[in-house]
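There are 2 protein chains.
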Amino acid sequence: LNGAFVPKVDFWYEFASTYSYPAAMRIEALAAERGVALNWRPFLLGPIFASRGMMDSPFNLDAAKGRYMWSDLARICARHSLPLRRPDPFPQNSLLATRVALALDEARRPAFSRAIFRAEFGDGASIAEPATIAVILEAMGLGAAELLECAATAPVKDKLRGETKHAESLGIFGAPNLITADGEIFWGNDRLEEGLDGALAAKR
Amino acid sequence: LNGAFVPKVDFWYEFASTYSYPAAMRIEALAAERGVALNWRPFLLGPIFASRGMMDSPFNLDAAKGRYMWSDLARICARHSLPLRRPDPFPQNSLLATRVALALDEARRPAFSRAIFRAEFGDGASIAEPATIAVILEAMGLGAAELLECAATAPVKDKLRGETKHAESLGIFGAPNLITADGEIFWGNDRLEEGLDGALAAKR
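Protein chains in written order, with our numbering: chain A, 16 to 219; chain B, 16 to 219.
Hints should not be assumed to be uniformly reliable.
When chains are identical, the list treats them as one kind, so a pair holds in a single copy or across two.
[Stated by the list, open to error] Pairs of lysine to aspartate or glutamate, EDC-like flavour, derived with a Cα cap of 16 Å:
| hint | residue 1 | residue 2 |
| --- | --- | --- |
| 1 | LYS80 | GLU199 |
| 2 | LYS218 | GLU164 |
| 3 | LYS80 | GLU183 |
| 4 | LYS23 | GLU208 |
| 5 | LYS23 | GLU121 |
| 6 | LYS80 | GLU161 |
| 7 | LYS174 | ASP120 |
| 8 | LYS23 | ASP212 |
| 9 | LYS23 | ASP173 |
| 10 | LYS172 | ASP205 |
| 11 | LYS23 | GLU209 |
| 12 | LYS218 | ASP77 |
| 13 | LYS218 | ASP103 |
| 14 | LYS172 | GLU199 |
| 15 | LYS218 | GLU199 |
| 16 | LYS174 | GLU43 |
Keep in mind the hints are simulated off the structure, nothing from the lab. Remember, it's a predicted structure, so these values are computed and weren't measured experimentally.
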């Protein structure tokens with residue numbers, strides 16, 4: 016009741032999502048400029064796509080859309096001086112990385128998430144491999160073995176299922192998204208600035 | 016060989032497409048600022064969607080995506096002081112309006128196209144109705160009866176089929192798009208500025 020009110024926005028992202036990569040790399044600075052607090056919420060798009068009958072990435076299901084996305088992403092990454100290397104296969108299986116992100120303390124989630132995105136889309140590494148994730152955790156000074164074990168426990172699995180269900184119930188159909196306190200959705204790396212401005216204006 | 020080279024960009028749009036509306040309203044000023052010439056190329060997305068197995072707008076096939084699009088479009092229109100009224104049904108049948116646009120002299124196509132978009136998404140009028148189109152043509156000082164008749168002739172029908180096939184062959188899967196002289200695609204109202212800048216940089 017003493018401090019100033021800090022507007023908060025939920026940043027919903029998916030490790031397999033191409034546009035989540037530049038978004039994750041850009042958002043912290045953009046939020047800090049505006050004095051907006053971020054809640055990093057990784058989730059899985061696969062089950063949401065599947066519930067709409069899409070059994071693969073829309074960028075694989077539609078070849079023209081996929082070709083366009085990779086050229087558009089290359090332009091975005093060049094503009095922001097982000098390395099880009101296409102992971103193989105695409106999309107990567109993001110289940111393990113997402114569980115680990117949720118098993119981590121909230122304060123460590125942003126740095127871990129950026130490291131995953133950098134490995135996946137900057138280096139083209141396979142984030143489905145426990146070894147890739149272990150290297151990132153060890154570089155952060157964390158115990159990889161313990162965290163990978165924790166990520167496989169029922170509470171973490173349940174948490175991810177709950178987050179993904181919650182994302183779908185909010186109207187999420189892609190990634191990344193910013194969702195303000197009054198439920199307004201801003202979809203895509205293109206909408207980060209507008210979503211953060213929306214968080215400042217949102218009724219709480 | 017005497018005059019300065021004027022970079023040109025193809026503006027591919029679809030009258031039924033929601034994001035083509037703000038794009039058509041904004042693009043002339045943005046192109047003029049940069050000294051880029053525009054080639055207005057209306058086409059039909061329906062056959063391109065159908066060849067991918069989509070028999071309706073993606074904004075109707077996916078309710079969450081549709082809800083998001085309308086709220087995103089409302090924000091865009093508010094920012095650019097454009098009126099917005101959702102036409103019923105959505106999407107509108109754009110076949111007749113597109114044929115008339117192609118029947119017109121190229122010089123009259125931009126003003127006619129903006130008037131169609133304004134009627135459809137600004138006033139919520141039915142652009143499938145010949146009467147809606149006739150009013151627009153008459154307000155432009157053109158003979159509505161003659162143009163509607165011309166729009167129903169084989170050469171105009173063939174021209175539209177050809178343009179739509181050409182759009183698909185270029186990799187178009189949505190609307191609007193800017194395509195530069197070297198074939199680079201910039202998809203969406205969000206990419207107008209970048210596409211026009213790309214036209215300035217394109218190799219010819």
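Looking back at the hints listed earlier, which ones does the structure fail to meet?
2, 6, 9, 10, 12, 13, 14, 16
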